[in-house]
Amino acid sequence: MLDPKTIRNVAIIAHDGAGKTALTEALLRHDAPARASKDGSTSHLDVDPEESKRNFTVATHITYAEHEGTLLNLLDAPGFSDFLTDADRSMAVCEGGLLLVSAVSGVKHQTEAHWDMAAERALPLLACVNKLDKDRASFLRALDDMEKTLNAKPIALQLPIGLGESFSGVIDLITMRAHVYTRKTDGKFGGYALEDVPEQLVDEAKRLRTRLVEAVAETDDAMLEAYLDGREPGEEMLIDGIAHAVLGRRFLPVLACAARPGIGVDDVAAAMVRYLPPPTVRREIKGKDGKNGELVRNAQRDAPLTMLAFRNTVDHFVGRLSACRVFSGAVKHGTVIVNGRTGNSETVQHVYRIDGNRTTEIPEAAAGEIVGLMKLKDVHVGDTLCSNDSPILRLDMIPRPQRVIAYALKIDREQEEKVGVALHRLLEEDPSLEMVRDPETNETLLRGMGQVHIEVAVEKLKRKFDVDVHLELPHPAYHETVTGKAKAQGRYKRQSGGRGQYGDCHIELEPLPRGTGIEFEDAIVGGVIPRNYIPSVEHGIRDAAKQGPLGGFPLVDFRARLVDGSFHTVDSSDMAFRIAGSMALKNALAGAKPVLLEPMMRLEVVVPDEMLGEVIADLTSRRGKIFGMEPTSKGTLIHAQAPHAELRTYAPELRSLTKGLGYFTMELMGYEEVPSHEAQKVLAQRAAEQGKDEPKPNQPGKGRA
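Residue numbers for the sequence shown, in my numbering: 1 to 705.
In case anyone wonders, no lab produced these hints; they're calculated from the structure.
The reader is advised that the hints may include incorrect statements.
Unchecked claim - Calculated cross-link-like contacts (lysine-lysine; reagent style DSBU-like; alpha-carbon spacing at most 35 angstroms): (1) Lys-681 with Lys-659; (2) Lys-377 with Lys-5; (3) Lys-184 with Lys-206; (4) Lys-546 with Lys-418; (5) Lys-53 with Lys-487; (6) Lys-206 with Lys-464; (7) Lys-586 with Lys-487; (8) Lys-410 with Lys-5; (9) Lys-462 with Lys-410; (10) Lys-377 with Lys-487; (11) Lys-332 with Lys-377; (12) Lys-659 with Lys-153; (13) Lys-625 with Lys-681.
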């Protein structure tokens, strides 16, 4: 088993396009050349067509390398906004992270999102400015961007030698030596030679080194005293001070590299070993026991086994591979584990080291390691797996995702069963997706974190399971109600020889406040309708209310009062009075001024202050109402409401409007009457879908002809 002090679990995080996967591949080429892609591409990790098509990562890729006798478990996390929950899960199982920033584009909105998620988890971070070999690259501009946009304290550990095509190495500000790389015949760079700092960079290197020493001294009293006395700190003191500062997130050490040609990559690996903490930094883990009380366990290999499943990959032929972080204890072939969510137990068959879409079997894994377990039954992302001979501890490290968009799935009838199985398998792999059945619209909805997220899911369904589904905007769950009072009779009489059918009832209809539902009142006196038939009248009224008169939407928020009627001693029956009740409601609706209701959503939208006006104008154009605003650390929080019909594509449109910086949550707050001109559009579309003549909604305050 590995000494946990020789393990680093590192989440590599950045905005899409910053070069995370290219850097991960470069680390493999440097420290595990036999497993790396040979052409300098990202083919070792980005193997899914959905990623190749979009040129960005859509799910965390796990691999490993070894540097200076230390195992680096590398989690290449997605950078695109729709897949940030996956990145957050990766951070949950790591003790450190590497934040990548492009030297060309600088800090982008996804960079901010990753920075915020890391801060919420108090995750120790290094930063690296990548793509210094590109045109318009600037190391100092990237530092300034991190300070201003992230409100971070970036401290350079290196200074690049040259920029763009002339980028050829870095100056180590700790040793004040230059690492100058030599270009090989294939255009890539080999190892570096130690040289003196180029004369033209001496002053800048000294300035940045002074800033580094001062930043470290501010975190260590002994070093600060030595620095104030004019004593220069030694290399080991600086290295220890930086590691201490990283652990406490006192400042953000920044490296310099160009991943594709390989410049500075070995220094990145060395920095991970030197400055990011090992798993032993976690002294204990906390969770819930079987009775939902708090349970604390030592994060040691001699403690009971505790693992967290943080990623599933489902292969149509091989089955499910569950990526697990071992937080305590050890796991090997034959270990009996219990799922903290289900209580079910099973035996581990094999333990694997994960390398992209490949695996290597290992005999055992202990606290601090990240491994793969094959073909575990009913293991969901976020499940805690424990040894069967100790109390169950349920870790709560992965929050429930706040899905922001939904699409209706149009499925061919002959493929319904196959699609259902495929969707279930896909949801095992991606817990940010959710499939629900809307009982009102009778649609199957696929919910997710954004439009691209949903589109990728549909493409995976086709590729992995050979099923076709088509996406449509979901129908809002419209309702109908009445705004006026009315009276009507429902009389059902049928005689066809022998015993007939007879039921007769009179009702009074009146509106109720929004959200009340349907109320039935029995006001019969004198036994004009026998007591045993009155429930049948109510059933008939509720049957008829399932389809309102305007568009066939559910009729709600009314009271039906049964006031009179008659019966026949022979021909009356429950069925006859049920039909009579249905007829009475339908007859009463003609004079009760029915209107269309639409679902209204309560919104909380967070946007940068400089974009506030545009976002408010956009909400207003969606028939939204602003209730209030308040300042936050990320800008302004807007409290608003808007119709669901106007928000079905709000997630991608808000992202576009705010350059990805805005985000929102929404929930159903109730129903309101649809304006007449909007109701006409809704009912016309409804009639077209049903192949009927267009119904006419009532004007407010007017009866229906």
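Status of each hint after checking the structure:
1. Between Lys-681 and Lys-659 the alpha-carbon distance is near 32 angstroms, which keeps this suggested pair within the 35 angstroms criterion.
2. As the CA atoms of Lys-377 and Lys-5 are separated by approximately 32 angstroms, the hinted pair is consistent with the 35 angstroms bound.
3. At most 35 angstroms may separate the alpha-carbon atoms for a hinted pair to count; Lys-184 and Lys-206 meet this at roughly 31 angstroms.
4. Pair hint Lys-546 plus Lys-418 holds up; C-alpha atoms about 31 angstroms apart against a cutoff of 35 angstroms.
5. Distance hint between Lys-53 and Lys-487 is unfulfilled; the C-alpha atoms sit about 63 angstroms from each other, more than 35 angstroms.
6. A C-alpha spacing of about 56 angstroms is found between Lys-206 and Lys-464, which places the hinted pair above 35 angstroms, so the restraint is violated.
7. Proximity of Lys-586 to Lys-487 is assessed by CA-CA distance (about 11 angstroms); at most 35 angstroms being required, the pair is judged to hold.
8. Between the alpha carbons of Lys-410 and Lys-5 the distance comes to roughly 52 angstroms, so the proposed pair goes past 35 angstroms and is violated.
9. Using a Cα cut-off of 35 angstroms, the hinted pair Lys-462 and Lys-410 holds, with the two alpha carbons roughly 14 angstroms apart.
10. Straight-line distance between C-alpha atoms of Lys-377 and Lys-487 comes to about 60 angstroms, which puts the hinted pair past the 35 angstroms bound.
11. Note on Lys-332 and Lys-377: the hinted pairing holds, with a Cα-Cα distance of about 17 angstroms set against a maximum of 35 angstroms.
12. With a CA separation close to 24 angstroms, the supplied pair Lys-659 and Lys-153 stays within the 35 angstroms bound.
13. Distance hint between Lys-625 and Lys-681 is fulfilled; the C-alpha atoms sit about 21 angstroms from each other, no more than 35 angstroms.
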